[in-house]
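J.: What follows is the residue order along each chain.
There are 2 protein chains.
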Amino acid sequence: MRESNENQSGMFLTLCDDTVKRVYEQMPPDEILYDLAELYKVFGDSTRIKILYVLMETELCVGDLAQLLGVSQNAVSHQLRVLKNNKLVKFRREGKIIYYSLSDDHVRRIISQGMDHVKE
Amino acid sequence: MRESNENQSGMFLTLCDDTVKRVYEQMPPDEILYDLAELYKVFGDSTRIKILYVLMETELCVGDLAQLLGVSQNAVSHQLRVLKNNKLVKFRREGKIIYYSLSDDHVRRIISQGMDHVKE
DNA sequence: ATAACATATGAGTAAATATTCATATGAAAG
DNA sequence: CTTTCATATGAATATTTACTCATATGTTAT
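Quick note, the sequences are listed as chains A and B, same order. For the first sequence, the residue numbers in our numbering are 1 to 120. For the second sequence, the residue numbers in our numbering are 121 to 240.
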């Protein structure tokens, strides 16, 4: 927990003091940056990325997802929960079957942006 | 390792078969999706996100980074190595001091995109 | 009601990873 | 060349996390 920008015994002296102070003042609250990291953490697993990636094409049910990705139903279900909790996917029920889809275009954009970087 | 899209004992039958098959065929190779997940994994740690975030403003040396983020020099150094290995930051030496900065605008764009999603 | 099927979930385990501690490297100053 | 300062790094540890197994929930059909 930080409560001051004051200099004390050599703090903030390596670079021009003003620059460091300015950067410090413009930093968003820790919680925001923590949330941002948490968001990326969700994208940072290959099973989840695969789920999100195929959902860019079409909605899919749990069983089909499992087969497409070649992982167990349990594993997919666990990861779908993570995606659900983070509001990256939504779902609708049709009888026994539950169809998952991307919850909005942000997800699509984030993945595309990442793809651009990877393809280099 | 998957070698066929063939149906065998109830595979790909839940949804319209063609849809699942089409999605399967359009999936990028596993390696690409794995790399994509790896990229996001790098962003998915609060120390690293903080480093990247402050580097959007200005280049900074290791010591200043440590003080700004309130973590030890060791920790910052370890994380800078991860960022370096993934080509998200670059650095220049000036005597004893090493200044780190973002390696390109992709990084900036990815973070901004994520921020948009978090701020909702 | 019971069986069959699709999905969800809790507990346990194994693997990944972020930090700390101690120490190494490398540059500049005396 | 020795000391000091800035940064890097190896090993050990603690925490997180993704998966498996077993089982639960909920829906439809008989």
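Just so you know, these hints were derived from the structure itself, not from any lab. Glycine is no exception: its CB is placed at the ideal position from the N, C-alpha and C atoms. One thing to keep in mind: the hints can contain errors.
Once the Cα atoms are required to be at most 27 Å apart in a straight line, the calculated DSSO-like pairs of lysine-lysine come out as [as the list claims (entries may be wrong)]: (1) Lys141(B) to Lys21(A); (2) Lys161(B) to Lys216(B); (3) Lys216(B) to Lys41(A); (4) Lys119(A) to Lys216(B).
Per label pair, the in silico range of CB-to-CB distance [what the hints assert, rightly or not]: (5) Asn194(B) to Glu38(A): 44 to 54 Å; (6) His78(A) to Phe211(B): 20 to 30 Å; (7) Arg142(B) to Met27(A): 39 to 49 Å; (8) Ala195(B) to Lys90(A): 34 to 44 Å; (9) Ala195(B) to Asn85(A): 27 to 37 Å; (10) Met27(A) to Lys141(B): 44 to 54 Å.
J.: Hint check: Lys141(B) vs Lys21(A), CA-CA at most 27 Å. Holds or violated?
T.: violated (56 Å)
J.: Regarding the pair Lys161(B) and Lys216(B), is the alpha-carbon distance no greater than 27 Å?
T.: violated (31 Å)
J.: Do the beta carbons of Arg142(B) and Met27(A) sit within 39 to 49 Å of each other?
T.: Holds: the Cβ-Cβ distance is about 46 Å, inside 39 to 49 Å.
J.: Take the C-beta atom of His78(A) and the C-beta atom of Phe211(B), compute their distance, and say whether it sits inside 20 to 30 Å.
T.: At roughly 39 Å between Cβ atoms, Phe211(B) and His78(A) fall outside 20 to 30 Å, so the hint is violated.
J.: When you check the alpha-carbon spacing of Lys216(B) and Lys41(A), does it fall within 27 Å?
T.: violated (34 Å)
J.: With 27 to 37 Å as the target window, see if Ala195(B) and Asn85(A) comply at their CB atoms.
T.: Because 28 Å falls inside the window, the suggested range holds.
J.: I want to verify a distance hint. Is the separation of the beta carbons of Met27(A) and Lys141(B) within 44 to 54 Å?
T.: Given a distance of about 49 Å, which is inside 44 to 54 Å, the answer is holds.
J.: Starting from the hint 44 to 54 Å, judge whether the C-beta atoms of Asn194(B) and Glu38(A) obey it.
T.: violated (24 Å)
J.: Hinted pair, alpha-carbon criterion (27 Å max): Lys119(A), Lys216(B). Please report holds or violated.
T.: violated (35 Å)
J.: I want to verify a distance hint. Is the separation of the beta carbons of Ala195(B) and Lys90(A) within 34 to 44 Å?
T.: holds (38 Å)
Going through the hint list in order, the structure does not satisfy hints 1, 2, 3, 4, 5, 6.
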